Amino acid sequence: MAQADAGVAPLSMGRPRKEKLVTADGMPLKRALQRAERRRKLAAFLLVAPLLAFLLTVFIFPIGQMMWRSVDNPQVVNALPRTLEALRGWDGQELPEEPVFAALHADFMADADRPRREQAIGPLGIRLNYEVSAARGAISRTARNVASFEAPYREAFLDEHRLWGDPNLWRIIQREGRPLTMSYYVAALDREFDEDGRIVQRDENRRIYVNLFGRTLALSVGITLLCFLLGFPIAYWMSVLPMRYANLLMICVLLPFWTSLLVRTTAWIVLLQQQGVINTLLVQLGIIADENRLSMIYNMTGTIIAMTHILLPFMVLPLYSVMRTIPPSYMRAAKSLGATPFTAFRRVYFPQTLPGIGAGAVLVFIISIGYYITPALVGGQSGRMISNEIARHMQQSLNWGLAAALGTMLLVGVLILYWAYNRLVGADSLKFN
Amino acid sequence: MGANGAESGFVRFDRVQKSYDGETLVVKDLNLDIARGEFMTMLGPSGSGKTTCLMMLAGFETATFGDILLGGRPINNIPPHKRGIGMVFQNYALFPHMTVGENLSFPLEVRGMGKADREAKVKRALDMVQMGAFSGRRPAQLSGGQQQRIALARALVFEPDLVLMDEPLGALDKNLRERMQYEIKHIHNNLGVTVVYVTHDQTEALTMSDKVAVFDDGKIQQLAPPDDLYERPENAFVAAFIGENNTLRGTVTRIEGDACTVKLDGKAGEVVALRVNVEGEGAKTTLSLRPERVHIAPENGRFPNTFDGRVEELIYLGDHIRVRVSLAGNDEFIVKVPNSTSGRRISVGETLRLGWAKEDCRALDPS
Amino acid sequence: MKQRTLKLIGAGGAVSLLALSAAHADDPVSLTIVSWGGAYTQSQIRAYHEPWMELNPHVTIINDDGSANALAGLRAQAQAGNVTWDLVDMLPSDAQLACDEGIIMPIDHDAVLAAAPDGTPPTEDFLPGSLGECFIPQIVYSTVLAFRPDAFPDDNQPTSIADLFDVENFPGRRALQDRPGTNLEWALYADGVDPDDIYDVLSTPEGVDRAFAKLDTIKDHIVFWTEGAQAPQLLADGEVVMATGYNGRMFDAIEVEGMAADIIWDGQVVEWDGWVVPADGPNIDAVMEYLYFATDTQRLADQASFISYGPARASSAELVGEHADLGIDMNEHMPTAPENYFAPIVLDNDFWVDYGDELRERFANWMLQ
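Chains as they are written, first to last, in numbering that gives the first Met the number 0: chain C, 0 to 432; chain F, 0 to 366; chain U, 0 to 368.
What the hints contain is simulated information worked out from the structure, not anything from laboratory work.
Since this is a predicted model, take the numbers as computed values, not measurements.
C-beta atoms are modelled at their ideal positions from N, C-alpha and C, and glycine is treated no differently.
Incorrect hints may appear among the rest.
Claimed, not checked - Label pairs and their computed distance ranges (CB to CB):
#	chain 1	residue 1	chain 2	residue 2	range
1	C	T324	U	A79	43 to 53 Å
2	U	D107	C	N167	46 to 56 Å
3	C	E194	U	G171	23 to 33 Å
4	C	E96	U	A79	54 to 64 Å
5	F	L175	C	R38	33 to 43 Å
6	U	P116	C	T56	48 to 58 Å
7	U	A79	C	P49	18 to 28 Å
8	U	S159	C	E96	36 to 46 Å
9	U	N62	C	A42	24 to 34 Å
10	C	W67	U	D328	55 to 65 Å
11	C	L260	U	I61	18 to 28 Å
12	C	L20	F	I295	40 to 50 Å
Said to hold, decoys possible - The list that follows gives simulated cross-link-like pairs (lysine to any residue, SDA-like), each with its CA atoms no further than 20 Å apart:
#	chain 1	residue 1	chain 2	residue 2
13	U	K213	U	M366
14	F	K114	F	A139
15	U	K213	C	E203
16	U	K213	U	E256
17	F	K210	F	N30
18	U	K218	C	F341
19	F	K218	F	K81
20	F	K210	F	L190
21	F	K120	F	D209
22	F	K114	F	G144
23	F	K173	F	L205
24	F	K335	F	N244
25	U	K218	C	E203
26	F	K266	F	L190
27	F	K210	F	N329
28	U	K218	C	R292
29	F	K81	C	D189
30	U	K218	C	S294
31	F	K266	F	P303
32	F	K120	F	K210
33	F	K81	C	M330
To be verified - Covered stretches of chain F (chain C as the covering partner; in silico rule of three or more C-beta atoms under 8 Å from a C-beta of chain C):
#	segment
34	15-29
35	84-92
36	180-188
37	281-292
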């Protein structure tokens, strides 16, 4: 009431001005507090600054760069500025007219005069080859001979390579003549642009990525489940054993961490192959016939066995650390309240291990979804995962745009799954407070 | 055995032995009867075997030898969940992933009780411990005292005949502990349930129990109501463990009826004491004397035992003063002096004449 | 700037190049040379690196086994503006990609490489079709079919690529590389296409369908391998009865390790392998001096004493002698030996650069089905 007509600063009117608190040397208390706080905040920031800088340089920045690469599309713009200008207004139906070819010739000639490192025609060929096979050959052959072309250029280009007479190539040049593209994502979803620029599914025999994403997801879920089924009893056993036996068991669980990939792979091969230890044993025991030896490696089974082996510790460690903190008195309390051992386990013990199961499952799932070396070595054709394709595009086909698109989709997919996990299971509600 | 057996021995330990490693016994030949409705406390230092006994009764440990009977039936081979014994654990063991209401409902659910009945019983149990408003909370949102009440309510909600409590108040601060002692005692009186209570805190034991079993070294040293235990300890361990106690050592020189004459070690003199637990003349003995039974400057001839002691230290405790005296070679001899206006002033260094009655000085086993 | 230096060197020819090298012979130089590792790098060390370092004590050569990912490495270094590799051993198709990207240097072969002892210029001495815009060939290697003789009766041993696709007469699992190259060529070859026409057929959609249809006939019997070492391993373990593999690996497994297997030279898919020079490398001059030496007739012939890959120069062929450690005459183990070179399929790198993406997708799809 009184405050309502007090004007500008009704709140400060509550206390008479002369009561403003000051420190012993007369500085306003608020300012002194701010100063002290500022120093504390600065110290806190300095403490985390190295980690922040580290994360920025090795994590945030590369991921940002990867995402940028999946849409970055400079090749056509850099190589063919005049052609793109001349193509403006082309209806995309008939082959372009002479002025476009003259501009194309001018672009080729201009490129030849640039210093080699700045030449844009080579990258252009590689880029266009992603969209249409043989485009690289057409462009590099043209680049070698373009100096001798004479007007009319349209005929000269058509004589040099049949692709220049294909309206589809021109549609692609027009479409990709922008600094950003979504064509890598289109390709990563097994789709392509049709003649009218619509996004359609690819020929059935060229679809791979969607299928691979699905398989990667299924494999990862399967491996996570298997790790859980195998890891839970081990972790439980370790948690009830005396420390020194638990440590011994822990070493056994961690052993795969300490062996090199090569040794591990060799061991799996020795064990799992058709002439391997397990098959030979089964044949000798008469469990399977000699001609029906099991295929346990170079297929999906191999990938599942090998990855479960490697990733088991990631499940066991969080489970163990959670189980160790569950006092035996909970189980006793449940039993004393009348619960059978099974009910006590199901209703009282198991729910308390959920944070460990959640952490372990998320770890195993996320690691396995990005695995590629092991599947490549023991997975054969049916045990491959999406990361194998990403690695191939990074290292062999050098199509970093497509690799980046696939990687970004994988990253976004994992984030969505984590978000869904959080919503459904609720990572927060598992903390019991 | 029927009803009359249950009256005297509702819970019975019959020659029970327990060993964990096959080499040493942690419980040695235990025989114990607990009557229905009784509040029985097992008191003893840690490692004395009291908790092991409780765990055997609950079914979490098996007896190596001997029988444990409940209502006349041996329960050695009955798993814990079929014994129908309520239990309150040292750290409450409230299920952290359930609300208070769910915790209380749990024992009723596993017994297949309908929802309406469950809710009614849970509400009654919560009201009993004055926690009716907390049904929706998680245990982590409660204070220690509140958790303790919930644990108590949970152990009682399914109306067991027997409730075990394993140092349930150990984690509480002193004031809260005292209040909870009264509440537990109160609930016990109201419900008439049999309680077996384990603690190492003698005050707790004396305050709450109908009977106390003092454990040491795997054996019951004395089984008695609290006042007996304090007034009439039967051996040196119980005398020293329960309450404050002055100890004098010596050799029995003569026995006459219930009296015996003891020659103190170090030629410090002779004491006439009550013969409680001495083998015979010439045997070593420990004399136990409560500090409040020592009189200052008694009239001549009132007591058979009078000694001079030098005052070493005075501790002011409000209602009384503890006087530490050096007497008969023992400089830890304590005398409690009531803080009354008529009392004389005592100062450090002065020599006091002290005396006590034969009945107050108990000759016990040597320790 | 370096571009111009190189042209100058080219114009001046070999003599001035040697003079130039003498001019700063004393400055210590360390060259990072990227290759495939294993026995292959060993053969290069013994045939090229050690003799060169002996002649030029100021040069140190650091070996980097990064060739499998050289393409990615070259691009990453070029984009970061920090080129640390001096010389890279890679396949010609990869070299063509890198060359189009402008991240390796174009080579004027006659100007920077040594002529044959009889004066034949490099462009004529190197095997036809082996030189690339930015690529200096070193060896001819081939992908061959090898089999276990004990898996088949003595009177019915496989002899041709057609037998690879004949699971009725030659039952058992086969190991193939998990890429379309070689496999598609062989499918057409086994289906009756003349080696010279294979790439014409493969350029048409019908030809591709035909190749995959042929591969379909053995699909259930295939084990795929990824790393070169896996192929002989699978054979040695008895996991497969036939395996495709690099002829050098197979030679090593059979002659050095004593594996019981025979090589079928029919339809061997011949490919080159050689050097490329990263653009803006740290020691271009020193590298060019090294290359002049390491690709001359004698050095290429020497390498064949350590590994069974053929020298890429015609003039080196007659100098090929015995294996340095085993004492075996290496001539008969060369892919280029007349008795082995009766039905070769020369891998068309231009074809694979142009059609590779599409065919790899199709092949991956086929593997997934």
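Let me make sure I understand: some of the numbered hints might not hold for this structure. Which ones are they, in numerical order? 2, 3, 4, 8, 9, 12, 14, 16, 18, 19, 21, 22, 26, 27, 29, 32, 34, 36, 37
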